[in-house]
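S.K.: So the sequence lines, in the order shown, correspond to chains V and U. Taking this note's numbering as reference, the numbering of the first sequence is continuous, increasing by one, and the terminal residue is 628. Taking this note's numbering as reference, the numbering of the second sequence is continuous, increasing by one, and the terminal residue is 1263.
These are computed hints drawn from the structure, not numbers from a lab. Backbone N, C-alpha and C define an ideal beta-carbon position, used for all residues, glycine too. Hints should not be assumed to be uniformly reliable.
Unchecked claim - As a list, the in silico PhoX-like pairs of lysine-lysine whose alpha-carbon atoms are at most 25 Å apart:
hint, chain 1, residue 1, chain 2, residue 2
1, V, 528, V, 379
2, U, 1074, V, 503
3, U, 1074, V, 287
4, U, 1198, U, 1168
5, U, 1075, V, 287
Stated by the list, open to error - Not the full set, but computed from the structure, chain V residues with beta-carbon under 7 Å of chain U:
hint, residue
6, 480
7, 484
8, 496
9, 507
Each chain is listed here by its residues.
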Amino acid sequence: MAFYFVQFLTGLASAASLFLVASGLSIIFGVTRIVNFAHGAFYMLGAYVAFTLTERFSGALGFWAGIVLASLVVAVVGVLVEMVLLRRIYHAPELFQLLATFGLTLMVQDLVVMIWGPNDLLGRRAPGFKGAVEFFGQNIPTYDLFLIALSPIVLGLLWLLFQRTRWGVLVRAATQDRDMVAALGVNQKWLFTSVFALGVFLAALGGALQIPRDAVHHALDLRIIVDVFVVVVIGGLGSIVGAFVAAVLVSELNAFGILIFPKISIILVFLVMAVVLIVRPWGLFGKPEAAARRTPGLTVNPWRPLTSGERLAAWAGLAVAAMLPLVGGNYALTVGSEIAIFVIFAASLHFLMSVGGLASFGHAAYFGLGAYGIAFLAKMAGLPMIVCLLLGPLLGCLGAAIFGFFAVQLSGVYFAMLTLAFAQIVWSVAFQWVAVTGGDNGILGLWPEKWAAGPASFYWLSIGVAALAVAALRIIVFSPFGYALRATRDSLLRSEAIGIDAKRIQWTAFVIAGTVAGVAGALFAYLKGSVFPDSLGISLSVDALVMVLLGGVETVSGAVIGAIVYKMLSIWLVSQTDLSKLVLGGVIVLMVVAFPKGIVGMLETIRNRRRPELPKPAVLKSGIESAE
Amino acid sequence: MSTAPTLLSVEGLSKSYGGVHAVRNVSFALQAGEILALIGPNGAGKSTCFDMLNGQTTPGAGRITLLGGDTTGKKPREIWRLGVGRTFQITATFPTMTVRENVQVALVSYGRQLFNLLKSTPQFARDEAGRLLELVGMSGYAERPCGELAYGDLKRLELAIALANQPKLLLMDEPTAGMAPRERIELMRLTAGIAREKSIGVLFTEHDMDVVFEHADRILVLNRGSLIAEGSPEEVRRNPQVRAIYLGEGLVYDARHREGAPS
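Next up, chain U with everything else stripped away, as it sits in the complex (with noise of 0.2 Å):
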């Protein structure tokens, strides 16, 4: 692995609020093709890193680089212009739209034709968008209004969004939150299919430890605010401090088959 390009590297990403220190001088690097979990217990910074990785929040200190570029400070839309998909921790879709226009919307961003006035939308990049919906196994839900689908279905048509613009780095807030355990784990195996068939990067955050265990090639432990440990999903099993901060919260991340409640 050490030979795939860094996609991103983040060095002394710091913020805090008031007096709080929400983040502490983070810094890791993902590669290209690499599936990299953020885990930590409730208030540990984690949605705040997030936020401050995809340009959500401003870094108060450190740099952040994305493909080679500082990306430290840019907007959202700035970062997705970049090559980044994005997908949230409630989902935000369209719901108004059918589940193709969805997909279809973001490639006509992806397309730069956000401005076009003439064009017909529901006949713009079809093929496209059916095949986006073909690789998350949503092709038969196509022309049903977003709006109805199940929560589930939501997120699978978020990961097409998400892979419009044909990312080399995905960020995912929670993925499975809110799903049933089933669906967690199909949903995961999917995300990291397609990453390692396209070399996609992936960092996400999760609470669910079946799902972080059995996909991350690497994980990363936060808590309050401080990166605590780095390293295989072996290695950071092992670690005596990321047992104590689970253990000490109740939770025993080698039972399998657990009824997950997220967050």
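This is chain V alone, in the form it adopts within the complex (with noise of 0.2 Å):
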């Protein structure tokens, strides 16, 4: 029983952390509207800030006052990258909102290796809090017992900082309706910065607050913005007694998980998130959003099939491509299967995003899928590569059609959010269950059959797969159900009213495109001849989401062109520097700002320019917003 209770409080102070950061990211996006992917980063940031602080000032007073200093230093780090970044992109879609704090989370990474140096950095104990309380036999340390006193005192400050003071009411007004605050003569640019800053500290608090009970090292901020992803979720984004009960539910599944699927315990959360997303969808203390409208101004080219001429170019594409074996040597086909393989999954991620309206920000998993899909196939069943080939992506399928239900029952940044916890919890599947996956280890000794073997038989398999699946999804696009998924994307109200079952439509379209990139991964398998946990993880995600960004997202196969340039170059540029993560969250920072058309929405315009024009109708549309 004491063991149990033991456990119980473990939970409750690891919640600490949790709350603090889920609040922070809760506050921000009530207000701003923006889910901040670099949330994870200004936690990290927080704990080695702190590290530094505390190991500089000694003594108690030096130690706290380490932490709370280290914690106002990221807020200000905040407030620059606020003033610097977000300004620019508030009105921008959410998914170039989530994808340029990313690229910061990306570029943080990079900057505390360089600055930290790669190892696990062991913090101070706080001074006073070094002890435990022996509990019928059992040890609580005493820091723990100060964190969790520590949230309910936090949530109580918010609690009076937003009902209390001018400041606060500020907020909520502008929580509810930040036009409205605006036209009332507030200071909208400074409320928001203010806004920022407030919960970049509660996240780098909670960075700090841990390096007592952690080590400190650069993987920490992809961890924790899994688990805040989830507990917002759960509790209800931009409700911070939702952030406080959800982090106390996930924290202490978290700690009985352990005892009962010790492996695998994060399924627990899993299950719980499940429940709550069918129950309500918008998390427990949540309000339901009101459907997000489209961000007019950005589809300007009517999506056509291909002309004659365009498909003639295409087939010219193919062929020449086919041809790469007569020139190149074997790591230039190497390299042009992978490039292959990547085209087939952007284009699948392109899919779902472009045609759907559906961001997922882990579409990795069923790549990977696909690809352990195949290890299990050939290393345990040993089944010939044809037949492999064809069933491995079922698994990609099979995870897709599961997390791809719970998905579509939300959409824009929930969506996004929950996607991602479910690539993060099929990568910890794989990367725990070492019996079946070999976890960190992976499977090796994958190799194609004799007729696949060669460099140059392999590239041309790929290629010629990614000829189809391109084309099969081009033909899906412009097919009734394509035209029903574009349907749901631009006005769901309207496709509701001519008989169109959205959530149903969207799911079909999750599992293609969960299936076509499971192909991809399949492929892959066979490429590396090894299976690793990473073909599910997050950064393979961001890969595919940068090259549907680079290609286009408002094009019809943009995909193709984004992932033949960003393999291209992200090969390139892993060759040339140490700091590719740096530059890559710099490139994707400034894609979102400066083109946010990406490659083929940029020529697609260029061209329309040069066409003249069509006469336009008199009244434009300004009318549908205004008119009510």
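Two chains, two frames, a set of hints: combine them into the complex.
M.R.: Structure, rendered in structure tokens:
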């Protein structure tokens, strides 16, 4: 009994940091409507800066001053980020905001390694809380008790801040209707900046307070952000009380999940999240979001099937690509195969994002599942390659069917957070379930059979499958199903009013995209001859997002170009610099701010500009928003 | 008109939010080919009533019978399948598609081809879509991106979409809201013409009394959630209670050529 009680207290103590970070995320979202992906990065920065400061300042006072000062320093960094970057993208679509803040996260990852080195750092114990309290033969660290007391205090302080101060009233007003607050003469810029500063301060404090409990390392950001996303999905984005309750819930589930399913404790959290989503899709304490209007002004070029000339050009491009083995060596062919595989992967995500408006931040899950599908079939069942290639992607299909069912219950940022959380869950299962997946060591020795073993034959196989996949997705885009999917993206209200079951359509699209991603993963497993948890990881998901964005979200097949350019760039980049994340993150941020249309989108716009304009109707659609 | 079949009958429809009775015990019926207006001051419960009829809100109590079947609490898309066309107060169309494609999607759904992955939609029911666009006077705009249409044209497009499932009943929530006075009259003439020709029943809410009295066969007046009057335009016009409500609001409904302000 005492053991369970101690476990319970440990859970409560872990909830403190989670609550601080999640409440910061919620406060920022409430006012600015930005889901700050970089929140994990600020948490990690808080921990690193606090480590340095607490080492520098001696004594008990030094320690606590270091913690607070570190949080303030990071908050100032946050203010700079808000003023330089976020102010430019408040009116951009959600996807771009998520990507820009993710780009920041990548940059911070390399920066902390540059400054603090790659090794784990062990911080000082908290003065005055070094001991432990004995409870029926079990030890409870006093620092844990301190953390347990801290979260309700922070919750109370936040409540006072929002209920009893003028600033708090403004923030609550802006959370409900920021345009109205601006119309009442409140300086919105500084309100947003101060809210962002508070949110970042809370995140950094969460990180700083962890140093006596945990080592500081450069993967903290992704670990916490996934937990935080789960917390805000359960608690309801925008609700501080929700963040508190859900942080406690998730931490307790983790604490007790270890006892019940030691290997895959994360499953328990997933199950709870699934139940909450079915019962209350907007979270326990959240409010249903008003359906987001499409951001006007981005879509200008209506989609159409290829003209016969363009089709000819596509065939010619494929023919040229097929001739690579005549000129290129083995290395070129391997790179070529990899690019072809990523064309498939990016095209599958592009289908979901551009046609369905569903920006998945965890698409690598289905890529990786396809790869593991091959590993299981080839290594354990010993099936021939062609059968594996046909059946392997079905694991991606199955994963997409299960996770997609829950994900399409949500939309917008909730969808993005949930897909990311799912992908992380699949990744942890692959990582932790060593008996089946080999864990970090992966599954090795997956070589293609003789007919596809040579670099040239594998290259031909890859570009053949890529061409098929891209063509099939294009056919689907212009099929009745594709139009129905676009209809659900354009206007849920109207599509429901013409008999379209949006959730079923979106789910089907999710499964299609997941299966195609599985095909890419299957080929990837054969290309590399092995499967590792990396092929389910967040960075792969983000690679795909960047490829889609680079090619152009608003195009039919921009992802093809995006994948080719991005893959070549990143292979070249890795060979040139050790700071590939820093450069990549910078490229993402720059792209979101400067070229939101992507390569293909820009080409289309240039071409349309050259063409004589159609005579436009006299009155433009400005009436829609204002007419009530 | 009594010989025409009853399309829609509503019995004892009620809905309250918290302690507020938005709609209280409303009953009425609508015959095929009839144009019925639902009017009332702001907050009378028109929109709530409408949302319950088309399935966006679940009724608190009461029964809705559409074309002989009970549709109380059914989803909008199920009600659409029964043959109900719908237009919205603020137009809802697909801005990234062309005008023709907007209608084609509705036809795809009507033809139950939503999960067809192979056919080419740009060729799907092209002529049928063209005919519907011609009907509402939008043929010239067929290949234009819907996102660049003027508001009045969007309203026409919505009408074409609403007609795609060959509806027996049209539900139009403030069909002329936000339009210029001349456009309003044109759109309602068009709607009334189509409805009479195809014997479609029309139920619409409207603030513009010129539109209501010119086109409605019958008028229902809601006030504070309850039906207070029902009858021909002439009867409603003479009803002292209705006069009191509207004069009390400062609206003079027999003034012609008034520059209308919606809602």
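S.K.: Once the shortest beta carbon distance from residue 484 of chain V to chain U is found, is it less than 7 Å?
M.R.: holds (5 Å)
S.K.: For the pair supplied as a hint, residue 1074 of chain U and residue 287 of chain V, confirm whether the alpha-carbon distance does not exceed 25 Å.
M.R.: Since the Cα atoms of residue 1074 of chain U and residue 287 of chain V sit roughly 24 Å apart, the hinted pair holds (cutoff 25 Å).
S.K.: With a cut-off of 25 Å on the C-alpha distance, tell me whether residue 1074 of chain U and residue 503 of chain V pass.
M.R.: holds (16 Å)
S.K.: Starting from residue 1075 of chain U, check that the Cα of residue 287 of chain V is at most 25 Å away, please.
M.R.: holds (22 Å)
S.K.: Below or equal to 25 Å on CA atoms is what counts here, so check residue 528 of chain V against residue 379 of chain V.
M.R.: holds (15 Å)
S.K.: Does the closest beta carbon of chain U sit nearer than 7 Å to the beta carbon of residue 480 of chain V?
M.R.: holds (4 Å)
S.K.: Grab the minimum C-beta distance from residue 507 of chain V to chain U and call the hint holds if it beats 7 Å, violated otherwise.
M.R.: violated (11 Å)
S.K.: Is the interface hint for residue 496 of chain V satisfied, with its Cβ closer than 7 Å to some Cβ of chain U?
M.R.: holds (5 Å)
S.K.: With the threshold set at 25 Å, check whether the alpha-carbon distance from residue 1198 of chain U to residue 1168 of chain U stays at or below it.
M.R.: It holds: about 8 Å lies between the C-alpha atoms, which stays within 25 Å.
Checked against the numbered hints above, the structure violates only hint 9.
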